[in-house]
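Trainee: The lines below spell out each chain.
Protein chains: 2
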Amino acid sequence: MFKLYYAPGTCALASHITLEEAGADYTTERLNFKANQQNSLEYLAINPKGRVPALATDRGVLTETPAMLVYIAQTFPTAKLAPLDDPFALAQVQSFNSYLCSTVHVAHAHKLRGARWATEESSFADMKRMIPKTVGACFELIEKQMWRGPWVMGETFTICDPYLFTVAQWLDGDGVDIKSTPKVADHFKLMADRPAVRKVLEAEKA
Amino acid sequence: MFKLYYAPGTCALASHITLEEAGADYTTERLNFKANQQNSLEYLAINPKGRVPALATDRGVLTETPAMLVYIAQTFPTAKLAPLDDPFALAQVQSFNSYLCSTVHVAHAHKLRGARWATEESSFADMKRMIPKTVGACFELIEKQMWRGPWVMGETFTICDPYLFTVAQWLDGDGVDIKSTPKVADHFKLMADRPAVRKVLEAEKA
Numbered sequence: 001m002f003k004l005y006y007a008p009g010t011c012a013l014a015s016h017i018t019l020e021e022a023g024a025d026y027t028t029e030r031l032n033f034k035a036n037q038q039n040s041l042e043y044l045a046i047n048p049k050g051r052v053p054a055l056a057t058d059r060g061v062l063t064e065t066p067a068m069l070v071y072i073a074q075t076f077p078t079a080k081l082a083p084l085d086d087p088f089a090l091a092q093v094q095s096f097n098s099y100l101c102s103t104v105h106v107a108h109a110h111k112l113r114g115a116r117w118a119t120e121e122s123s124f125a126d127m128k129r130m131i132p133k134t135v136g137a138c139f140e141l142i143e144k145q146m147w148r149g150p151w152v153m154g155e156t157f158t159i160c161d162p163y164l165f166t167v168a169q170w171l172d173g174d175g176v177d178i179k180s181t182p183k184v185a186d187h188f189k190l191m192a193d194r195p196a197v198r199k200v201l202e203a204e205k206a
Numbered sequence: 001m002f003k004l005y006y007a008p009g010t011c012a013l014a015s016h017i018t019l020e021e022a023g024a025d026y027t028t029e030r031l032n033f034k035a036n037q038q039n040s041l042e043y044l045a046i047n048p049k050g051r052v053p054a055l056a057t058d059r060g061v062l063t064e065t066p067a068m069l070v071y072i073a074q075t076f077p078t079a080k081l082a083p084l085d086d087p088f089a090l091a092q093v094q095s096f097n098s099y100l101c102s103t104v105h106v107a108h109a110h111k112l113r114g115a116r117w118a119t120e121e122s123s124f125a126d127m128k129r130m131i132p133k134t135v136g137a138c139f140e141l142i143e144k145q146m147w148r149g150p151w152v153m154g155e156t157f158t159i160c161d162p163y164l165f166t167v168a169q170w171l172d173g174d175g176v177d178i179k180s181t182p183k184v185a186d187h188f189k190l191m192a193d194r195p196a197v198r199k200v201l202e203a204e205k206a
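Those sequence lines, one after another, are chains D and F. Heads up: the first sequence begins at 1 in the working numbering, then just goes up one per residue. Heads up: the second sequence begins at 1 in the working numbering, then just goes up one per residue.
Derived by calculation from the structure, the hints in this document are not laboratory data. Please note: incorrect hints may appear among the correct ones.
Stated by the list, open to error - Restraint ranges, calculated between C-beta atoms of paired labels, are given here: (1) Arg148(F) to Pro132(D): 37 to 47 Å; (2) Ala192(D) to Asn36(F): 32 to 42 Å; (3) Glu42(F) to Trp147(D): 38 to 48 Å; (4) Thr156(F) to Glu155(D): 30 to 40 Å; (5) Glu42(D) to Lys144(F): 11 to 21 Å; (6) Asn36(D) to Arg129(F): 23 to 33 Å; (7) Gly9(D) to Arg129(F): 29 to 39 Å; (8) Arg59(D) to Asn36(F): 20 to 30 Å; (9) Lys144(D) to Leu112(F): 49 to 59 Å; (10) Ala79(D) to Leu112(F): 41 to 51 Å; (11) Ala137(F) to Asp58(D): 26 to 36 Å; (12) Thr28(D) to Asn32(F): 44 to 54 Å; (13) Ala137(D) to Thr27(F): 30 to 40 Å.
For each residue, glycine too, the CB sits at the ideal point set by N, CA and C.
Required output: the full structure, derived from the provided sequences and hints.
Mentor: Okay, structure coming up:
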């Protein structure tokens, strides 16, 4: 039995969808970011980073989306969410997810989380102005250099798909028109139609 | 046969050391960052991101350090560089490496790579002033919350160790005294004494 700590609108959605796609037995706990619950003593005892997602398991708590996604895929191998028997293909999956985590998500984070890296209002404003360009450039690279289709890795759905869908949810707020990357836009629609995705989005809204 | 594209002083060192620790058959190609060789048309054909590291293999090019490290560990299982038969333990390895990649390296990158996220000189100066604090906070979290010792994951050397050593090389230039995290400081010395590490550092200097 797993317990996923999440907040709506965050990258925890990728793990939430993946748990559902895997057919995992799990519960969720929603954190109230407006009340800064992620930095409460109670939650810091679970995840000292003060971030979501965190996945409580029988053996301890896991954090960091790329690690959690592979772990879920390995724990539910019959769901076939990653090429577990092919190290090179798995590395390609991991490379894509690592790019989302350390470049795309980081670019996006400069819109509202500038205080992680600077102190002045003028710097925050400068960072915000760059968002459409930086996030847009990431998605252009995905569309033009990394894309296979219809899923991220080609014919087979993998743990890259929920993660891309999650990050693509932020495009509108980031001032990037998803239509400028039509393959990603098609993928977004495909994902939104999956029963697991619908169920999770409903649960996070409720 | 692998070919590693790297530049001295970059996070490519982690993959370089890991290839050596694995006993891999590999060659290297050094990129001249001062001449902006990472953005030459020739290199962009290898890695469209214009970054290092990149690992050329018989099946194609891999990028992103966390993905490459697991791939090397899986390709050379007798080197025992990761807990490949234990998904939870592997997830802990991946979680640590993902933190280095998406939080610690990103914090460090705001010293010289501010132009990735902003345009104004005042913003770059603001970011630079934050470096000792942000990078220092990352290493304090590693020391106080994640540490097992003597290696990152405890008694066994893993792919976390070359990566931490690589990022810790930047501490001095980032204005963080490694002695303020004595366990990380001890680890740094342990790593520097390994024959594979000495050999790779010599090769990158030559």
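Trainee: Hints first: check each against the structure and report whether it holds.
Mentor: Each hint, compared with the structure:
1. Taken as a hint, the range 37 to 47 Å holds for the pair Arg148(F) and Pro132(D), whose Cβ atoms sit roughly 43 Å apart.
2. For the pair Ala192(D) and Asn36(F), the beta carbons lie near 41 Å from each other, so the given range of 32 to 42 Å is met.
3. A C-beta distance of roughly 23 Å is found between Glu42(F) and Trp147(D), which places it outside the suggested range of 38 to 48 Å.
4. Under the hint 30 to 40 Å, the C-beta atoms of Thr156(F) and Glu155(D), about 38 Å apart, fit the expected range.
5. Between Glu42(D) and Lys144(F) the beta carbons are some 18 Å apart, a value that agrees with the proposed interval 11 to 21 Å.
6. For the pair Asn36(D) and Arg129(F), the beta carbons lie near 25 Å from each other, so the given range of 23 to 33 Å is met.
7. Taken as a hint, the range 29 to 39 Å holds for the pair Gly9(D) and Arg129(F), whose Cβ atoms sit roughly 30 Å apart.
8. Checked against the given bound of 20 to 30 Å, the beta carbons of Arg59(D) and Asn36(F), roughly 46 Å apart, lie outside it.
9. Here the CB-CB span from Lys144(D) to Leu112(F) is close to 27 Å, at odds with the stated 49 to 59 Å.
10. Ala79(D) and Leu112(F) have their C-beta atoms about 42 Å apart, which keeps the hinted 41 to 51 Å range intact.
11. The hinted range of 26 to 36 Å is satisfied by Ala137(F) and Asp58(D), whose Cβ atoms lie roughly 31 Å apart.
12. In this structure, Thr28(D) and Asn32(F) meet the distance hint of 44 to 54 Å, their C-beta atoms being roughly 50 Å apart.
13. For the pair Ala137(D) and Thr27(F), the supplied restraint of 30 to 40 Å holds, since their beta-carbon distance comes to about 31 Å.
The structure does not agree with the numbered hints 3, 8 and 9 stated previously, though it agrees with the rest.
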